[in-house]
Amino acid sequence: GAGVSQSPSNKVTEKGKDVELRCDPISGHTALYWYRQRLGQGLEFLIYFQGNSAPDKSGLPSDRFSAERTGESVSTLTIQRTQQEDSAVYLCASRLGGSNYGYTFGSGTRLTVV
Amino acid sequence: DAKTTQPTSMDCAEGRAANLPCNHSTISGNEYVYWYRQIHSQGPQYIIHGLKNNETNEMASLIITEDRKSSTLILPHATLRDTAVYYCIVRGYNTDKLIFGTGTRLQVFP
Chain G
1 GAGVSQSPSN
11 KVTEKGKDVE
21 LRCDPISGHT
31 ALYWYRQRLG
41 QGLEFLIYFQ
51 GNSAPDKSGL
61 PSDRFSAERT
71 GESVSTLTIQ
81 RTQQEDSAVY
91 LCASRLGGSN
101 YGYTFGSGTR
111 LTVV
Chain X
1001 DAKTTQPTSM
1011 DCAEGRAANL
1021 PCNHSTISGN
1031 EYVYWYRQIH
1041 SQGPQYIIHG
1051 LKNNETNEMA
1061 SLIITEDRKS
1071 STLILPHATL
1081 RDTAVYYCIV
1091 RGYNTDKLIF
1101 GTGTRLQVFP
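Protein chains in written order, with our numbering: chain G, 1 to 114; chain X, 1001 to 1110.
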């Protein structure tokens, strides 16, 4: 597609439930990134994919968070046993790998844990 | 850790040039300077990046000092739609993630 697509745009879930957030990067972009942005705060790096492998998972805050990417396209970020502190906007970005072009961000998924 | 220092906020009159400064005194030779902005409730938007030379595109100009320890993003004719948080980011050539700081909140007023 023309841009990075994320779904759902909004998600409200009960504490303790699992959620899956989806990112469709720009076609041909081999690098994919997940960030989290809490209300009124800056972006926190979570994980980076090059192709289907994740060379940098250093930002995942706990083992409740995991992500995968298949077919060098779609990525899913899964949060298990959600907590209220997981409430945030989760942003995905993609980039032509190996280049110095800028990242293209999606509009994010706003997750609210109640 | 973010490697840049930016003012927390700035104001600019509509139609005037907005000059947003950024200090990156610990930048090394192979690190690029990137600028992004985030308009309320949207994902960050790429503006421009550079290594040594000044750069210009349809959105903005980037002026990097000769010692590369600071840079300025210039929006030549600011509009109300340029109101946003502007992030200055340093990225190494072999590092593939952007580390966002707190940015500068630019308010363009009529």
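In case anyone wonders, no lab produced these hints; they're calculated from the structure.
Where a beta carbon is used, it is the ideal one built from N, C-alpha and C, also for glycine.
Take the hints with a grain of salt, since some may be wrong.
Quick list of the computed label-pair ranges, beta carbon to beta carbon [claimed, not checked]:
(1) G:SER5 to X:ARG1081: 22 to 28 Å
(2) X:THR1008 to G:SER27: 36 to 42 Å
(3) G:ASN10 to X:THR1065: 26 to 32 Å
(4) X:GLY1029 to G:GLY40: 21 to 27 Å
(5) X:THR1102 to G:SER9: 21 to 27 Å
(6) G:ARG81 to X:THR1026: 37 to 43 Å
Residues of chain X placed beyond 12 Å of chain G at every Cβ, according to the derived structure [what the hints assert, rightly or not]:
(7) ALA1013
(8) GLN1045
(9) SER1061
(10) ASP1082
(11) GLY1103
Ascending list of hint numbers which this structure does not respect: Hints 3, 4, 8, 11 contradicted; others consistent.
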